[in-house]
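Enquirer: Listed below, chain by chain, are the residues.
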Amino acid sequence: MTTSSALFDDLPETLPAALGRAAERFPERGIALFDGRGRRHDRRTFVQLAAAVQQAAGRWRAAGVGVGDVVLVALPTTWAWFEAWLGAVQIGALPVAVAPAVGFGAADAQLDKLSSLVERLDAKRVIASAPFLAAAEDAGRQGLATAGIAVDAWQKLTPVAGTQPVAKAQDIAFMQLTSGSTGHPRAVMIRHHGALHNACTIDEAVGAGQGGPAHTWADAIVGWLPLHHDMGLLGQLLLSLLTGVDLWLFPPTAFLARPRLWLQELSSHGQCLAHGPNFAYQLCVERLDAEARQGLDLSRWRAAQSGAEMIRPETVKAFIERFAPVGFRASAFQASYGLAEATLAVSVDRRGLGMRTRPVPQGSIASELSEVVCLGQTVVDTEVRIVDAAGQPLGAEQIGEVQVRGPGVFAGYYREPEATAECLVDGWLRTGDLGFQADDELYLTGRSKDLLIIRGHNVMPHEIEWLAEKVGDSGGSHRCGAFSIARGGQGEEAILVVESSDKDLEVRAGVERRIRLEVSEALALPIADLVFVRRGKIPKTTSGKVQRRQLKEQYLDGLLERL
Amino acid sequence: MSEQSQASQDILRLIGSIAGKDPSTLQRGQHLTVDLGLDSPKALELLMALEDDYGIEISDEEAADLKTVGDILDLMAERSSLA
Numbered sequence: 003m004t005t006s007s008a009l010f011d012d013l014p015e016t017l018p019a020a021l022g023r024a025a026e027r028f029p030e031r032g033i034a035l036f037d038g039r040g041r042r043h044d045r046r047t048f049v050q051l052a053a054a055v056q057q058a059a060g061r062w063r064a065a066g067v068g069v070g071d072v073v074l075v076a077l078p079t080t081w082a083w084f085e086a087w088l089g090a091v092q093i094g095a096l097p098v099a100v101a102p103a104v105g106f107g108a109a110d111a112q113l114d115k116l117s118s119l120v121e122r123l124d125a126k127r128v129i130a131s132a133p134f135l136a137a138a139e140d141a142g143r144q145g146l147a148t149a150g151i152a153v154d155a156w157q158k159l160t161p162v163a164g165t166q167p168v169a170k171a172q173d174i175a176f177m178q179l180t181s182g183s184t185g186h187p188r189a190v191m192i193r194h195h196g197a198l199h200n201a202c203t204i205d206e207a208v209g210a211g212q213g214g215p216a217h218t219w220a221d222a223i224v225g226w227l228p229l230h231h232d233m234g235l236l237g238q239l240l241l242s243l244l245t246g247v248d249l250w251l252f253p254p255t256a257f258l259a260r261p262r263l264w265l266q267e268l269s270s271h272g273q274c275l276a277h278g279p280n281f282a283y284q285l286c287v288e289r290l291d292a293e294a295r296q297g298l299d300l301s302r303w304r305a306a307q308s309g310a311e312m313i314r315p316e317t318v319k320a321f322i323e324r325f326a327p328v329g330f331r332a333s334a335f336q337a338s339y340g341l342a343e344a345t346l347a348v349s350v351d352r353r354g355l356g357m358r359t360r361p362v363p364q365g366s367i368a369s370e371l372s373e374v375v376c377l378g379q380t381v382v383d384t385e386v387r388i389v390d391a392a393g394q395p396l397g398a399e400q401i402g403e404v405q406v407r408g409p410g411v412f413a414g415y416y417r418e419p420e421a422t423a424e425c426l427v428d429g430w431l432r433t434g435d436l437g438f439q440a441d442d443e444l445y446l447t448g449r450s451k452d453l454l455i456i457r458g459h460n461v462m463p464h465e466i467e468w469l470a471e472k473v474g475d476s477g478g479s480h481r482c483g484a485f486s487i488a489r490g491g492q493g494e495e496a497i498l499v500v501e502s503s504d505k506d507l508e509v510r511a512g513v514e515r516r517i518r519l520e521v522s523e524a525l526a527l528p529i530a531d532l533v534f535v536r537r538g539k540i541p542k543t544t545s546g547k548v549q550r551r552q553l554k555e556q557y558l559d560g561l562l563e564r565l
Numbered sequence: 014m015s016e017q018s019q020a021s022q023d024i025l026r027l028i029g030s031i032a033g034k035d036p037s038t039l040q041r042g043q044h045l046t047v048d049l050g051l052d053s054p055k056a057l058e059l060l061m062a063l064e065d066d067y068g069i070e071i072s073d074e075e076a077a078d079l080k081t082v083g084d085i086l087d088l089m090a091e092r093s094s095l096a
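Those sequence lines, one after another, are chains A and B. Each residue of the first sequence is one higher than the one before, counting from 3 in the numbering used here. Each residue of the second sequence is one higher than the one before, counting from 14 in the numbering used here.
In isolation and in its complexed conformation, chain A is listed as follows (with noise of 0.2 Å):
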């Protein structure tokens, strides 16, 4: 894409020089941060954000934090975590947010998880809660008790005076962690160009069906998503900071308990834009009856992104069906592909038509998918190619693995030269995904990382995962895993893994049948080995996504408890 907008001329070199902008520019815009149950909110200005932060950041140098040291930031949705984090921005320091521990008996995971992360990115600081500390500190976790600072503590520090930002574009302002779908995660180094250019594509793309980039026509960005995501952090963040677009966010965990929050909250500001992967259109579609869509108003709804996971067009379907007669419109749907890998935003439709799809087009990928949703042109300054496994480029409607190149593209994994060879060749990033381009727009079939390939067949996982889906109770969305393993000379075999909550094992015996016909018919596909377990127990990322290694991993070590 070549298409511009008059943002991409004035971009500012930083992100702290983004924020000193905004507080110059639009000192009455601001951000609204409702609190953790989605009750109250309470609202600052950019100038009162602008001011916390120089605070912030000298409280960080108080805490012995300097130039290039590895801060973790493991807060929810406070102003804490936009203090700590912008804090430690602009003093040069390398934050890294990480997911909170939340929900019923987190506690332990978030142990290990940061223990993990402290060690292996020889983190300086940690921010966390002082009970989160504590528990640390019981557990006999060294590494992060000490390296740990409770949050109440933090801001209690005299900050030292005369800090100022010392930041070029091109040198690295964050890490994000991958979304975790795949291996360990790794720290994803984004500079400041280049995460300043992502926001703006955003911008611009988002903008392009609705008559102009979206701050010339959006007067609120709502969202929920989590901040340590790479939507979350872009897509609202960022992408505020850099329009003077007034940002209004619910921490995510207001919005998994009550995803009306997040509809009632667009029904009540003018031209909105939101960004929300596409379980998030699932769980509103799921969670709210008709009762609960009285008194809605989606109509000023301009721009409802979806992106971050494969997009189900059962499920945008659905959405549209139940929310068009409160105003919702069609025409607002916009699919998006973006990875932590290339900042976020890679493609966007940008023709304002709403969801289209695509029939896969028939080659050497045995598909059962009927229709792939369209992604869209790829962001301003951004190329996108399409290559065999040998890495020749292929032509159009030719599925192979989708490589990005341009401004967003990271600068590499942290310390991790080897990672980062593998997945930057020539300047071009490796995603990992597959896909194919027709008119110039992306389209993704899945990712290359879990394919199966039985009896010379390629299949995606998730084609099993959606038609067991489709059977019994096994319903809703992310309830199926599906993986192949390779045992002796046999090749590889499929292997299945439903959640089920369901007790009565003759029910369970007819599910089995009905999914195993299902496959079979569709993809004639043996399953080696399903296997029931119970709710929840299927690893998941943060934002839903089935994590397939794990769940592998789980099955080869015996670690998964059949039903």
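You may find that some hints are simply not true.
Within a straight-line C-alpha distance of at most 25 Å, the following computed DSS-like cross-link-like pairs (lysine-lysine) qualify [unchecked claim]:
hint, chain 1, residue 1, chain 2, residue 2
1, A, 115, B, 34
2, A, 158, A, 170
3, B, 80, B, 34
4, A, 472, B, 80
5, B, 80, A, 505
6, A, 505, B, 34
Derived from the structure by calculation, the hints contain no laboratory data.
Got chain A sorted already, so can you dock chain B onto it with the hints?
Expert: What follows is chain B alone, placed relative to chain A:
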């Protein structure tokens, strides 16, 4: 759970309604995620319902420590002197 107080029974009813279980089958030792199938949206829905119904606030740290039906009953007893 026949010996439970009225307050505990109310809490069990709430858990049962969100988990889709008959409250009389719930037991203290049941794990909320493993046995009752409360995924994170459902878990958060339950937390907020408890907060609303009993006018209390449960911190994220407290929530992350809750594993079983019994843990919830104990927390509620402690926080609201109900059970």
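Enquirer: It remains to establish, for every hint, whether it holds in the given structure.
Expert: Each hint, compared with the structure:
The suggested pairing of residue 115 of chain A with residue 34 of chain B is violated, with an alpha-carbon distance near 32 Å, which exceeds 25 Å. Simply put, residue 158 of chain A and residue 170 of chain A have alpha-carbon atoms about 30 Å apart, too far for the 25 Å limit, and the pair is violated. Of the pairs offered as hints, the one joining residue 80 of chain B and residue 34 of chain B holds, with about 17 Å between alpha carbons and a cut-off of 25 Å not exceeded. Among the hinted pairs, residue 472 of chain A with residue 80 of chain B is inconsistent with the structure: their alpha-carbon atoms are about 30 Å apart, more than 25 Å.
Restraint check for residue 80 of chain B and residue 505 of chain A: satisfied, since their Cα atoms lie roughly 20 Å apart, inside the 25 Å limit. Only pairs whose Cα atoms come within 25 Å are accepted, and residue 505 of chain A paired with residue 34 of chain B is accepted, the gap being roughly 12 Å.
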